[in-house]
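Q: Single-letter residue listing:
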Amino acid sequence: AQKITQTQPGMFVQEKEAVTLDCTYDTSDPSYGLFWYKQPSSGEMIFLIYQGSYDQQNATEGRYSLNFQKARKSANLVISASQLGDSAMYFCAMSGSGYSTLTFGKGTMLLVSP
Amino acid sequence: EPEVTQTPSHQVTQMGQEVILRCVPISNHLYFYWYRQILGQKVEFLVSFYNNEISEKSEIFDDQFSVERPDGSNFTLKIRSTKLEDSAMYFCASSLSRTGNQPQHFGDGTRLSIL
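Protein chains in written order, with my numbering: chain F, 27 to 140; chain V, 62 to 176.
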């Protein structure tokens, strides 16, 4: 069974600062994928970034980067230069080898202040 | 950019009634999913669908639920005899392939309210 743990129920950051959202995972699959999704107050789920378990480099997508530490089983999301529009719920999720069902964490609510 | 489309955005139904939630996945995607999110809780997997049949389902997806791809574009979730606890946001998602490295793209969701 797979498990995602997000220990930060809420995070506060000032505009233009960087913020790290924590995610740890547990799985017995040798191959897996790690994803981050953003859910604004309007409710939609927006895909942000993906990291494969065999990828040598940490994934980056614009202001988003994923700090992947395989030995620690962590996949933290780093948002650089926070913007007011980044205020949302952020979910870490994972898939397993051979199947793509996503297991989600409980989420972290990020609030960006001016 | 292509996107997953869900209708309706909000559905209000009396307990015991049947509801059908509709989704149009991204056109070249082959795998389709339904997830639900009860208010304030995490997103939970319901079912995945490929080649006109269910490929995986969770414990939540019991006989009350069914999925169908009635034509080449729509993907539906039917909930029979709805219960109060079925109130949730229901998300449809699609992906290009089944391998775990392909992101699933989500629709904006249907908020289902059972009265």
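Keep in mind the hints are simulated off the structure, nothing from the lab.
One should not assume that every hint holds.
Just some of the chain V residues that point at chain F, by a computed CB distance under 7 Å [stated by the list, open to error]:
#1 104
#2 117
#3 118
#4 122
#5 126
#6 152
Backbone N, C-alpha and C define an ideal beta-carbon position, used for all residues, glycine too.
Q: Compare the structure with each hint and give your call.
A: Evaluated hints:
1. A distance limit of 7 Å between C-beta atoms decides the matter here; for residue 104(V) the minimum to chain F is near 4 Å, and the interface restraint holds.
2. Because the smallest distance between the Cβ of residue 117(V) and any Cβ of chain F comes to about 6 Å, under 7 Å, the interface hint for this residue holds.
3. The closest approach between the C-beta of residue 118(V) and any C-beta of chain F is roughly 9 Å, which is over the 7 Å cut-off, so the hint fails.
4. Annotation: interface hint on residue 122(V) violated; nearest CB of chain F at approximately 12 Å, more than 7 Å.
5. A cut of 7 Å between beta carbons decides the hint on residue 126(V): the least distance to chain F is about 16 Å, and the hint is violated.
6. Because the smallest distance between the Cβ of residue 152(V) and any Cβ of chain F comes to about 6 Å, under 7 Å, the interface hint for this residue holds.
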